[in-house]
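Asker: Chain residues, written in single-letter form:
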Amino acid sequence: MIDVLTPLALAETVDLLTSPSDITGVLIEGLAKGSLYLMIAVGLTLIFGLMDVINFAHGAFTMYGAYIAGVAVLALGVGSMGFVGALGTFFIIMIAVFVLLAVLGVIFEVTLIRKLYEYPPIFMILLTFGITITMEELMRMIVEFRDINSGQWDIGWDAPRQSSLPSELGGTTEIGFVNFTGLQLMQISMGVAVLAGIWAFLNKTRYGLFVRAGVEDEEMARALGIDINRTFTAVFAVGSGLAGMAGVMLMWDPLWDVNVPLALAVLLPAFVIVIVGGLGSFKGTVVASFLVGLIDALGTWAFQTGVIQFTDIDQLMIFAILVVMLILRPRGLFGVKGQGDHG
Amino acid sequence: MTFLELEGVNTYYGESHILQGVDLHVDEGEVVALLGRNGVGKTTTIRSIMQLTPPSEGTIRFQGEELVGKDTYEVADAGIGWIPEERRMFGRLSVEENLRASVPDTSKMDESLEFAYDTFPILRERTDQRAGDLSGGQQQMLAIARGLIGQNDLLLVDEPSEGLAPQIVANVGEALLEASDSVSILLVEQKLGLALDLADRYYVMDHGEIIDQGDTAGVTAEDEQLRRYLSA
Amino acid sequence: MSAETQQVDSGRFPSWIGQYLRDHLLLAVIVVLFAVYPFLYDFLTGQFGLTAQMILPRTRTMLTILALGLFAMSFDFISGYTGYLSFGHAAFFGIGAYLVLLGHNGQLPVVPAETSFMLLLLIGALIAVVAAFLIGLISFRLSGVYFAMITLGIAEMMYVASNNWAFLTPGESDPTEGVAAGSPSEIGFFEPALGVPFVESLQVEIGPFGDEEIFGIAVGDPQIVSYLMIGAVVLLCYLTMKRIIHSPFGRVMIAIRENEERAKAIGYNVFYYKMGAFMISAFFGAVAGALFVGYEGAIDPENSFFFLVTGFALVAAIIGGLGTLAGPFFGYIFLEGVEEFLSREGGGGGLQPFLEQNLPGAILDTDILGLTINEALSAFMTGHGDFYAGIIFIIFVLYVPIGMLGTLRNRYGTDSLAKYVSAGVEKRLSSSDGETPATGDD
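So the protein lines, in turn, are chains A, B and C. Note that the first sequence covers residues 1 to 343 in our numbering. Note that the second sequence covers residues 1 to 232 in our numbering. Note that the third sequence covers residues 1 to 442 in our numbering.
Extracted from the complex, chain A is given alone in its bound form (with noise of 0.2 Å):
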């Protein structure tokens, strides 16, 4: 399948680096890998940043998010909407289920993950790994029993994007020499706007005052009066609700599979955005995620032009990105002292 080829001469690839479209194109997709790397990522961060949980069942929410907005636009019939039609239904699903994941958050808190607070880090890291193995399993038992896609769960389930993505997003736009598709667009958007959400979130609401102040000082918040368990509460349910949110987002994009193993392939280049851009940082979240879309995207299109005879040449580099960083910069990019480092 992988053959080493001889690679393209020199003088072709520096063509190709220079050329305005090809340049524009990595640009633009990077923004929209980065869009959704935020997306899964951001949850993450508010997460670990107040509660100094690793949370590994992060992904497992999103692979939740894809399978749950994949039975629900074939059972609503979004394929024969139209376009609005087809899209205010993707939204109302997206809502959806950022609130059935958020409450199946608030759950996993209240009963499992309060119990841990006081044990060394390393305990959290086993009670959500639990958590992501038996998610996934039950998973698996659904997707068999219920024959979705023919039972197949380590296979990708495209059967709803390809029935409900509207022609207007999966099509090539182009103006003057910049190539893009609505669907890049629409993921750009997104990640705008959960980007705006949350930073009004913790820098505009009294509840994001508060998340500010636990992440600094868990102790002194108590002594000033605030829950702080309410607000470990109200962050995990809004992280878990992204994660969902993000997986309704994969669900319409061809390069990602609606599988069960999703959850493992968006958790670890989540960590690699959460340690590059610095454990508990949302800044760093965010610069970190962008940065990893752009390099994904530069290595993706490095294989399809065939500078690299390489397939999985984006992942590849993402966790180069990961060791580059921590050799060069320990904490991450905007990383404090002191956070993570006790495990």
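Since the hints were derived computationally from the structure, they do not count as laboratory data. In this text, a Cβ means the ideal position worked out from N, Cα and C, and glycines have one as well. Careful: at least some of the hints might be erroneous.
[Unchecked claim] Partial chain B-side listing against chain A, Cβ under 10 Å, derived: (1) Phe-3; (2) Ala-76; (3) Arg-88; (4) Met-89; (5) Glu-97; (6) Arg-100; (7) Thr-106; (8) Gly-150.
[Claimed, not checked] Under the rule of at most 25 Å between Cα atoms (straight-line distance), these lysine to any residue pairs were calculated in the SDA-like manner: (9) Lys-204(A) x Asp-77(B); (10) Lys-191(B) x Ser-161(B); (11) Lys-115(A) x Ile-210(B); (12) Lys-108(B) x Gly-208(A); (13) Lys-204(A) x Asp-215(B); (14) Lys-283(A) x Arg-329(A); (15) Lys-191(B) x Gly-29(B); (16) Lys-115(A) x Phe-215(C); (17) Lys-264(C) x Glu-15(B); (18) Lys-70(B) x His-17(B); (19) Lys-191(B) x Ile-210(B).
Mind docking chains B and C on chain A? Use the hints.
Answerer: Just chains B and C now, with coordinates in the frame of chain A:
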């Protein structure tokens, strides 16, 4: 009327038995100083009252209400403010955000902020600055301001003069004196002179126990007995 | 030392003799039990049929457990004893496994094709040690979550590479499907043998088509021969790791876990000890990988370099007891046991075949909410061992955080390392509950 009352409080920190049966009380409107050498349990006493380091035995009543077993935020809601030793600013939040986070009742936000700025005009000038960028003295003012606008009836003040220049210590002392008109204060302080100036009564702690107490009236910083307690 | 131990020991012997005997007697008994297990299994299943098959793991499963259990122990060696969570430990397993196969297939520079298995196993382990040294150079500048993540990142890069690197599978085959021994057709059969390197007469061939006797003693079944030989290597590895942990070197590892700053202050060069421990654990991790392919004859990225390989070692370590060395091994038996109990493989026994044979059809076909019991079993139990293993794991994390062996050792306390862990956890628990903390009883 007894306002705050500790009876037989025992607190462990890990495996060390820090407080070994502490009894003390603060009456309404009083300023009470808690004296003692380093490491005898003064800060732990305050942390035990706040339920930050919950005691394993004993009772702590505030306005007749038992505090042991409550969450820290409930203790704060009951009307106790903590002005900790290291000031504990939210360093990346602005001065105003630090103050806002301390006001429990949002409907009184504006007047609370006004009050804080009137008491410490320097804070008004720095309102948008990050609290972490303030000088030590300004941070102490902010910490006291946070305690004052938290609608508290009792302030637990831990080493307010620590690490401050003498002139600033005087300012802090004045601010606390002014505050004591409206709230009761339990004060932990190493500077004997400052403590005796502010306090109506004092307790002396050693090895997790109260070993002496008395009125500050007529007691000076040169008092032989007190100096012996406090010297290493 | 606990009160019970003192009572037992205050008899005829000085306490350390009794302690020594008791420790090693237990070990001997366990080793003998493991050694006779395949025969016992055959006997019991002959005697009790499906009932025994349902409960007991097959010898085939035990073979897998040996290799993966060793891997879990090597994971515990670094993670449980120094406190540095080696989240990319699968890298070493993968190196050990791939190296044996690539070496056999003649794809390594210098190493000729069909080099003996023992030699390849050692080469792989040494390469893993070098890899650990390089990874450690980068990673030990970090601690806590960052250390876990950088090791994970490096292992994931290897995973991605093993999925894509055409070099691994010359010809047309897809690297994601893995490497098999003897894959270019001109390469001879894979005949892995365990024993003394270079001495033909002191080696026994393992694998499904290996020897049927061990040094002249007829065993009959190559699977049992493999089990016994691999088991002997695992035992040797275990004893070596245990010896290291009980040496002064091991004491420093534990000191690092308990308080790295203090260990540094006392004057230990902690970097040297962490690096040493990491390299040792990599060595045994790679041996585990080699033993795994020694029987399987093939490996794919999913079962070697992938994150979940480390993940399940971690699960096994927690269930068995982190920082107990042997615990993770038993944890793996438990995990695989649950898996097989709920497996769907016809010959393997497990719950469903047992019920199918022993319950009247009428009960199995009883309709509950539109689903017969048999259908519900196949939908929600059979083949979904991981689901129940996950729930059990969560329960362990919440209620038995020191694991099975940790709890046992705590209760019947020999000089147990789990005690330090549990004392730490209990201290945290009691201080948050406001109860009197448990004072260290050692």
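Asker: Each of the hints needs a verdict: does it hold here or not?
Answerer: Hints, verified against the model:
A distance limit of 10 Å between C-beta atoms decides the matter here; for Phe-3(B) the minimum to chain A is near 19 Å, and the interface restraint is violated. Because the smallest distance between the Cβ of Ala-76(B) and any Cβ of chain A comes to about 4 Å, under 10 Å, the interface hint for this residue holds. Of the supplied interface hints, the one on Arg-88(B) holds, with its beta-carbon coming within about 4 Å of a beta-carbon of chain A, less than 10 Å. Look at Met-89(B): its Cβ gets to within about 8 Å of chain A, closer than 10 Å, so that hint holds up.
Of the supplied interface hints, the one on Glu-97(B) holds, with its beta-carbon coming within about 6 Å of a beta-carbon of chain A, less than 10 Å. Checking Arg-100(B) against chain A by beta carbon gives a least distance of about 6 Å; that is within 10 Å, so the hint holds. Look at Thr-106(B): its Cβ gets to within about 7 Å of chain A, closer than 10 Å, so that hint holds up. For Gly-150(B), the shortest C-beta to C-beta distance to chain A is roughly 6 Å, which falls under 10 Å, so the interface hint holds.
For the hint linking Lys-204(A) to Asp-77(B), the alpha-carbon distance of about 24 Å falls within 25 Å, and the restraint holds. Taking the CA atoms of Lys-191(B) and Ser-161(B), the gap is near 8 Å; set against the 25 Å cutoff, the hint holds. Restraint check for Lys-115(A) and Ile-210(B): not satisfied, since their Cα atoms lie roughly 36 Å apart, outside the 25 Å limit. Note on Lys-108(B) and Gly-208(A): the hinted pairing holds, with a Cα-Cα distance of about 19 Å set against a maximum of 25 Å.
Our distance criterion of 25 Å between C-alpha atoms is broken by Lys-204(A) and Asp-215(B), whose separation comes to about 49 Å. Proposed proximity of Lys-283(A) and Arg-329(A) is supported: the alpha carbons are some 16 Å apart, at most 25 Å. Restraint check for Lys-191(B) and Gly-29(B): the C-alpha separation of about 22 Å stays at or below 25 Å, so the hint holds. A C-alpha spacing of about 55 Å is found between Lys-115(A) and Phe-215(C), which places the hinted pair above 25 Å, so the restraint is violated.
Taking the CA atoms of Lys-264(C) and Glu-15(B), the gap is near 23 Å; set against the 25 Å cutoff, the hint holds. For a cut-off of 25 Å, the pair hint linking Lys-70(B) to His-17(B) stands: about 21 Å separates their Cα positions. Between the alpha carbons of Lys-191(B) and Ile-210(B) the distance comes to roughly 19 Å, so the proposed pair stays at or under 25 Å and holds.
Violation of the numbered hints given earlier is confined to hints 1, 11, 13 and 16; the remaining hints are satisfied by the structure.
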